[in-house]
Amino acid sequence: MATETIARAHDADARVVRTGVVRRLFRRVEVGAFIGAVVVWVFFALVAPANWLTITGVSRILDSASTLGIMAVAVALLMIGGEFDLSAGVLTGTCGLIAGMLATQLGLSIWPAMAVSLVFALAVGYFNGWMVVNTRLPSFIVTLATFFILRGANVGVTRLVTQRVLVSNIDQVAGFMDARNLFDLEFSLLGAQFRTSTIWWIVIAFIATWVLQRTRYGNWIFAVGGDAVAARNVGVPADRVKIALFMTTSVAAWLVGMMSIVRLRSAVASEGIGQEFVYIIAVVTGGCLLTGGYGSVIGACIGALIFGMARVGIVFAGWDTDWFYSFLGIMLLVAVLVNNYTRRRAEAVGIAAARARTEEEGQ
Amino acid sequence: MTAEPLLEVRHLTKLFGSVIALDDVSAKVYRGEVTCLLGDNGAGKSTLIKILSGVFPPTDGEYLFEGKPCHFRSPREARALGIATVYQDLSLLPLMPVWRNFFLGAEPEKGTALLRRFDVATAKRIVRDELAKMGITVHDLDQPVGTMSGGERQSLAIARAVYFGAKVLILDEPTAALGVKQAGMVLRYVAQAKARNLGVIFISHNPQHAYTVGDRFVILKRGRVLGSWTKQELSLAEMIYCMSGADELETLSAELDQIARGNGPQAATRAA
Numbered sequence: 005m006a007t008e009t010i011a012r013a014h015d016a017d018a019r020v021v022r023t024g025v026v027r028r029l030f031r032r033v034e035v036g037a038f039i040g041a042v043v044v045w046v047f048f049a050l051v052a053p054a055n056w057l058t059i060t061g062v063s064r065i066l067d068s069a070s071t072l073g074i075m076a077v078a079v080a081l082l083m084i085g086g087e088f089d090l091s092a093g094v095l096t097g098t099c100g101l102i103a104g105m106l107a108t109q110l111g112l113s114i115w116p117a118m119a120v121s122l123v124f125a126l127a128v129g130y131f132n133g134w135m136v137v138n139t140r141l142p143s144f145i146v147t148l149a150t151f152f153i154l155r156g157a158n159v160g161v162t163r164l165v166t167q168r169v170l171v172s173n174i175d176q177v178a179g180f181m182d183a184r185n186l187f188d189l190e191f192s193l194l195g196a197q198f199r200t201s202t203i204w205w206i207v208i209a210f211i212a213t214w215v216l217q218r219t220r221y222g223n224w225i226f227a228v229g230g231d232a233v234a235a236r237n238v239g240v241p242a243d244r245v246k247i248a249l250f251m252t253t254s255v256a257a258w259l260v261g262m263m264s265i266v267r268l269r270s271a272v273a274s275e276g277i278g279q280e281f282v283y284i285i286a287v288v289t290g291g292c293l294l295t296g297g298y299g300s301v302i303g304a305c306i307g308a309l310i311f312g313m314a315r316v317g318i319v320f321a322g323w324d325t326d327w328f329y330s331f332l333g334i335m336l337l338v339a340v341l342v343n344n345y346t347r348r349r350a351e352a353v354g355i356a357a358a359r360a361r362t363e364e365e366g367q
Numbered sequence: 002m003t004a005e006p007l008l009e010v011r012h013l014t015k016l017f018g019s020v021i022a023l024d025d026v027s028a029k030v031y032r033g034e035v036t037c038l039l040g041d042n043g044a045g046k047s048t049l050i051k052i053l054s055g056v057f058p059p060t061d062g063e064y065l066f067e068g069k070p071c072h073f074r075s076p077r078e079a080r081a082l083g084i085a086t087v088y089q090d091l092s093l094l095p096l097m098p099v100w101r102n103f104f105l106g107a108e109p110e111k112g113t114a115l116l117r118r119f120d121v122a123t124a125k126r127i128v129r130d131e132l133a134k135m136g137i138t139v140h141d142l143d144q145p146v147g148t149m150s151g152g153e154r155q156s157l158a159i160a161r162a163v164y165f166g167a168k169v170l171i172l173d174e175p176t177a178a179l180g181v182k183q184a185g186m187v188l189r190y191v192a193q194a195k196a197r198n199l200g201v202i203f204i205s206h207n208p209q210h211a212y213t214v215g216d217r218f219v220i221l222k223r224g225r226v227l228g229s230w231t232k233q234e235l236s237l238a239e240m241i242y243c244m245s246g247a248d249e250l251e252t253l254s255a256e257l258d259q260i261a262r263g264n265g266p267q268a269a270t271r272a273a
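First to last, the protein sequences are chains A and B. Just so it is clear: in the first sequence, position 169 is 173 by the numbering used here, and no numbers are missing. Just so it is clear: in the second sequence, position 251 is 252 by the numbering used here, and no numbers are missing.
Isolated chain B (complex conformation) (with noise of 0.2 Å):
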């Protein structure tokens, strides 16, 4: 795809203290396309997706949404220019029910004055069609949020972003903790998502759940672009083996073999 890219960053660095966090990450991110972050814990993935959700600034580098620069100080202003995220707390209540979790924050409402209230007709029969158009189907509206299984929240919680003109969807892991048929629904609505010409984020560090949705694979690794691919251009035994690192599945692979030996975990840190 030659088109502009909807969201790119170039040479972000970021700083707490005199810890980098990141340093020099570039990325695009197309329309229509999903765009997969993966790597290990602390490579850096939160805090690239907190930038771009504008939770905090970047300490140096550019940020571009649909070609401008973004100078974001808040999470709201992002979400007004139609980037979403979805954090693995979904932001949803357990004990509402699904069409009030739905609008919350955002509610439609009728009459005047004093007597301005919540539309619910309206509320309900929207929530029904969006939950539709991804392919859900929610029996009972009224049903607490509490009560439905994980894949069905995290396809709530992404039903709503699109809904809410979400242009650029982030997906903190939305696979983590699912089982296998509960992370294969989220995965559709992943795909319902870029089907709908939205410019989809997807952080894992699942590779299969990666491999199976994504476009374009950017690996980071103790705040560094290892690399960034198409789908074409790696396969997924490939991928893995970059996500985890050649040297280090090698030192693991010693470390196994002392342990075998009956030197104890100890002995194998000792010796790394």
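Excised from the complex, chain A in its bound form (with noise of 0.2 Å):
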């Protein structure tokens, strides 16, 4: 089929048009992601149709996803800014013990005891971009440093004030249920229970897709991805983009550790451990390149549902959950597979409709 459409490219105008509508849906980022998303839901809607095809079951994967969606998000434009980060998972966890211990231990109210947190979430965040932009070591190595100092400052500083290795009862703390309603409310929606969690992550993805599209700033995080020497060749302050794209994954970890103690009404030591690698996956799989300079929000977006569907979906099945992440993995590799060959086939249309176009010119 790629060799007819060069063909036809060949031929005349309204052929070239259809090239074009076949380009432009090939080129879409997520459209890997998408298909995948269908292949998932349908395949679940035929193993568990009872369930699935409800509004609960809407309810549920969209609930699965929030969270993980929300860090997806600034996952995403981190990585497309160039960078991974590996602290971000247990920065979640951090950031609800900093919080719940200050609430419980000091008697503070909940509100100051999470704008503590908050800032320590940008201090970890430009400590990793500082380091980075810095040092000119990958962020691999530099989070992932980032990563043990904060898993182990998790137990260590939670046994030492606790005795114990979680906070408990957070929910007595002034002002908790103004924060439950903020962050985690549950509400009812054509006849199923929704939390206010799933309503952050689309604003959250509506905004950033805004920046990351129709702003300077969007245009930056591509160029520092792309090549942060020629982004800097032109004039865009490379540093400063990247410092700023790791306080922004370090500001969703909070809010995702907020969302965590108010549902959870206590804080975790282990808390989000592991996860850092559910978001890459979540954002791979939603058509970002590991290399930087390429991707898109929706796309992470429908990685992080792909990942609700999953786990809401052997449930539902009633399979055994043990196999959820040789699940995740084949996901992820099938995924990295569908978007390689969409890109390179997209590629390899539009390279032959620009050779077509020359050789016309050279007539």
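If a hint is listed, it holds; no wrong ones were tucked in.
Label-pair distances were calculated between CB atoms; the ranges are:
{"#": "1", "chain 1": "A", "residue 1": "ARG269", "chain 2": "B", "residue 2": "ALA114", "range": "33 to 41 Å"}
{"#": "2", "chain 1": "B", "residue 1": "LEU16", "chain 2": "A", "residue 2": "LEU337", "range": "52 to 60 Å"}
{"#": "3", "chain 1": "B", "residue 1": "ARG126", "chain 2": "A", "residue 2": "ILE334", "range": "42 to 50 Å"}
{"#": "4", "chain 1": "B", "residue 1": "THR60", "chain 2": "A", "residue 2": "GLY333", "range": "53 to 61 Å"}
{"#": "5", "chain 1": "B", "residue 1": "GLY136", "chain 2": "A", "residue 2": "ARG244", "range": "36 to 44 Å"}
{"#": "6", "chain 1": "B", "residue 1": "GLY112", "chain 2": "A", "residue 2": "PRO241", "range": "17 to 25 Å"}
20 Å max Cα-Cα, derived SDA-like pairs, lysine to any residue:
{"#": "7", "chain 1": "B", "residue 1": "LYS125", "chain 2": "A", "residue 2": "ARG220"}
{"#": "8", "chain 1": "B", "residue 1": "LYS111", "chain 2": "A", "residue 2": "VAL215"}
{"#": "9", "chain 1": "B", "residue 1": "LYS51", "chain 2": "B", "residue 2": "VAL226"}
{"#": "10", "chain 1": "B", "residue 1": "LYS125", "chain 2": "A", "residue 2": "THR219"}
{"#": "11", "chain 1": "B", "residue 1": "LYS125", "chain 2": "A", "residue 2": "VAL238"}
If you're looking for bench data, these hints aren't it; they were derived computationally from the structure. Don't be surprised by glycine CBs; every beta carbon is placed ideally from N, CA and C.
From the two separate chains plus the hints, produce the assembled complex.
As structure tokens, then:
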């Protein structure tokens, strides 16, 4: 079919328009993830139609995908900007523990405790970004170090303060219900229970897409991920952009941490460990290149949605949830292969069309 | 042309430690002319353009732009004055669409405060117009630059520099690594830039390309100016002769003779 399209490009203008549509469709970053999402949805619709095809099914999927989706949005921006953050998962736990401990141990109300936690998150993001930009070390190494530092501190500090590895009774703190209403309120819609975290996710994804596609900062994010030196040559403040992206990821981790503690009413020292890879899987499934400079927020959200569908679908189908992570691994592999295929296809068509034009001009 | 030169360097010297990269180099660049900077590898071409584009200052000598002395501390200062350099890597991002690349770092915006945004419609319109003025037709502005040919990319980079107010356009080996047809395309845009009254500095070690578009030729050799000529004063054959240098050609043919006689390259090197 590819050769057919190339042949058409030679023919007439009307054919060129058709080629344009095919190219445009295949050039969408999200096309691989979208096909994957449809496949997974149809699959579970056939396997477990009774639960799957209800509003409750939809609400369960969205709830399962929402916090991951929020992180995937931030991690997608960071990855398009050419960097990783392996400390993002464990930081959700750290933020929850800090807010929880300050509130329960010092008797603060929940809001100042959350504010201090936010400042800490920003500092971690700044540190990650500053280290990457100034030492020129790969962000993989820098944030791996941050990951282990935080992971140790989460357990160490929590045990020191509470003599246990969790902070409980957060719901006794002043202002708890307000925070819960803001971050994780349950509400009814069409007869099913939804949560505010889903709304947060949608709003954040919308803003991030707008920033990425329609502001100069978005252009800069693509540029620093594509080639930081070239970006600097034309006047993009590459270092500032990268640091800002790390800080954005940290703020997302803080938000997810807050959602977790108001939902569970406690903070566990092991919270978030291992999640950093799930974020990356969602983002890569959504079509972002590991090497940066290419990707989409919507794609990352679809990646998170696939993850949510799989987690809920396996339960609905009555399967052994032990196999969930194997499913994730397969999903990652298939997604990357599909993305590679569609991208190569889009490029091949694009290059063929360009070549056809050059030949026409030459004649 | 008797007009005041747009850009002039007088007695430039550049030392890197004890290495003399440039020694007493003087040259002039005029509006609406293509000045070719020629020379073999290591002749000092790169050093000279880096001084001109503000990457580093000369050790000694004068640098005048529009008659005023310049002391640039960064390429940004040179660019602000209208001295644009298109390097070989072009500073283009292959995965980015044409219109995004064009405006990278200088995006037009509209709206206020939180709704301040990239004016996409204006950006696309300007890119289409500017490329058309240079005689480049891009059918799809959303096409990633990586799918364009080398010549198209080079032309895009030139169009970008011209649009952003370049008065002097420094092109670092724009036709190197291009095929015949592609190189021809780039040479056409160089002529376009000249027609728009820019002073063009064209760095090359391809005498054919340089002679086709050049008005003035400066040949560098081992950090010194071997000579500068206008097109009337110099034929292509003479230029090639000057660039390679008579003595070197003779050495080379002697070496080749020895190789042909079966003594091998080592023997030839020892003999030299």
